[in-house]
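Chains as they are written, first to last, in this note's numbering: chain U, 1 to 421; chain P, 1 to 254.
Calculated from the structure, these hints are not laboratory results. Be a bit skeptical, because a hint or two may be false.
[As the list claims (entries may be wrong)] Some chain U residues judged to face chain P by a derived CB distance under 10 Å, without partners named:
1) Arg136
2) Ala342
3) Trp349
[Stated by the list, open to error] Listed next, with one range per pair, are the computed distances between beta-carbon atoms:
4) U/Ala203 x P/Gly129: 50 to 56 Å
5) U/Glu231 x P/Arg228: 20 to 26 Å
6) U/Ala203 x P/Glu52: 52 to 58 Å
7) U/Gln259 x P/Ala157: 53 to 59 Å
8) U/Gly360 x P/Gly119: 29 to 35 Å
Note that the structure is a prediction, hence the values are computed from the model and not measured. We treat Cβ as the ideally placed atom computed from N, Cα and C, and that holds for glycine.
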Amino acid sequence: MGLMPDRDLLPQLRLRLATQAGRAAALASRMAGKGSGASIRGKVMLQVDPDALAKLLRNRRIAAVTGTNGKTTTTHLLTAAIRQGTTDPDRRVVTNADGANLYHGIASALGEQPRADIAILETDERVVPRMVRDGRPEVLVLLNFSRDQMDRNHEIKFLGRSWREALAEAGEDGPVVVANSRDPLVVWAAGTARKTIWVDTGAGWNQDAALCPECGAVLVHEDRWDCPNCELTEPQAEYRVDGDEVIERDGTTWTLDLQVPGRFNRANAAQALAAARVMGIEPKVALEGMHEVTSPAGRYATTTFGDTTARLLLAKNPAGWAESLPLAQSDPLVLAIDAVAADGKDVSWLWDVDYEQLRGRRVVCTGPRALDLAVRLDYAGVEHIVQPDLMAAISGHPGMLLDVISTYTPFQQLRKLGGLA
Amino acid sequence: MSSSNPAPSTPVTPIGPVKIVLVYQSLLGIYGDRGNAVVCRERLTRRGIDAEMVVVEPGDALPTDGQLYLLGGGEDMAQISAMKAIREDGGLFTALGSGAVLFAVCAGYQICGNTFTVGDRDEVVEGLGLLDVDTRRGTERAVGEVLHRWNRPDGSASLLTGFENHGGYTTLGPKAAPLASVEVGVGNNGQGTEGAVQGRVIGTYPHGPVLSRNPELADHLLELALGRELEPLPMPELDELRAQRIAHARTLSR
């Protein structure tokens, strides 16, 4: 044994200081009643040590999960799969389970478990290039790509281009990419990866995939999608989702048997299954782990609000609503809309959601932008009332399971009101 | 009259349902602008006027017998593809020559002009030439809630609320008149005007969709397309929404 040379010691000292400062800030934030303090912890850490994230990512086996929708749930599924196949998982596996997926949130989670050698990291689309460069993940899961928060992301292709560049730059040191073969933007973005495992997740949202991301021609969407003008085409998948089954190319079939609902989550689970395998977890073991996942960061959680029992669903953009609306079966149904930064400030997207499918049921419109939804529902011919106050909108429905679909900000408020966060 | 001047002074009363044509939803539909077509159809059917919404995608022929054509916002590449497809198809020009009305939003508005650029590129693209306007990359992207004073043809004014999100700045030539004057927001180019009107072609920037938030503008387009006045259509929640958005916009100093 002996002292580490100074050039190693100093950076480690600084990281330790940063971690301690972050922890103190998080404690102060919790005591002030301002939530878990995860974000402030990461923020303080990165202020004290700007290299903290890169240092914290080093010397771990990393699986990163990104995409427009399903990041949090897929991260939970993949974490459960890997924990199931890892001895002493509490010590060895770290994840940002709360959905805090920017630099601060990731640094915060890693800082709390410096000794965990496996990290499953939900990664915001904008953080992917840095994750690929500094984290050198073993596997990168690319779920899907659709319009979201258009006031901020004017060109969805811009993000895809940044992934392509990062994967190209990483070259042979880059991750194995597990990617959704049904999504043209994902396929294009993964095009520079050293190795890609394609998962055919079935037909889903493709309204943001009109044009070929490579050459700009109008894509042909039939059984498979194809660019009539260039080489980009739907790749042959290693795994295919069919109902509750995931079928490998050689015919081997796995049954998902999930507790999280919906077609969309079966697609997420298939990608988690493929990613877990890259990390060395047998499918049978991975499935056992994934079966235990019920309500990732409050999604699909059932809780009580006064006299009412409600199930919370999150939908952040037209693709998300297309998946969530069919899951919500209650009558009445509560829909909560806001338009602050985290939701996207432009609610025009309400008109890209097929609310017409709710005709014949009653909707309670709530949240600060309840009136925007009310006008949308009026034109859609859906019976509704307006109650902007979340608690008042939900309570008063005893004797039933009330479904509540929210955009991001009301969803987080409801988790708190329902005692889930 | 000779065939060189096909535009009739009053539109022909349609036989069958009023046809509202949504042009290339997959290319010009990322900001909910299809809602403009839904609003127009509903505002007619609720008054007992038979109306249909026709959604046309690239590769399908644009109908030439529509009364109202709608273009929406889209991304850079989609904007150019849409412009080329409209020009190659030619049906829109035929319809306008027969007295149809065209209402174009954001990227759709830009492609109606003489020329435009897209995104960060400096290449100047020739537009459809339906509006005497030119669009170039602006100093900074215009993003946020807007409030505009719409100068109605009868001399009265009405407020327009919506959400603008555009990087291009548009300058009007002598043949186009501004649709509105800016109270809050950037508008055409930060010089106080918003949108353009030239004959039966109207272009403007805001989403919302703009016709869902501004029923008087929707009815104006429909009256223009049908050649007759429409009776009032009360929607109390819409009045409340407008009041809320107008009050909110006035708190913004962008």
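Going down the list of hints, with the structure as the test:
Here the hint on U/Arg136 is broken, as its CB sits about 31 Å from the closest CB of chain P, past 10 Å. At about 16 Å, the closest approach between the beta carbon of U/Ala342 and any beta carbon in chain P exceeds 10 Å, and the interface hint on this residue is violated. Among the interface hints, the one on U/Trp349 holds; its C-beta lies about 5 Å from the nearest C-beta in chain P, closer than the 10 Å criterion. Between U/Ala203 and P/Gly129 the C-beta distance comes to about 40 Å, which lies outside the given range of 50 to 56 Å.
Range check, U/Glu231 to P/Arg228: Cβ separation about 54 Å, and the 20 to 26 Å hint is violated. The hinted range of 52 to 58 Å is not satisfied by U/Ala203 and P/Glu52, whose Cβ atoms lie roughly 27 Å apart. Evaluation of the 53 to 59 Å hint for U/Gln259 and P/Ala157 yields a pass: the beta carbon distance comes to about 58 Å. Taken as a hint, the range 29 to 35 Å is violated for the pair U/Gly360 and P/Gly119, whose Cβ atoms sit roughly 44 Å apart.
Checked against the numbered hints given earlier, the structure breaks hints 1, 2, 4, 5, 6 and 8 and satisfies all the rest.
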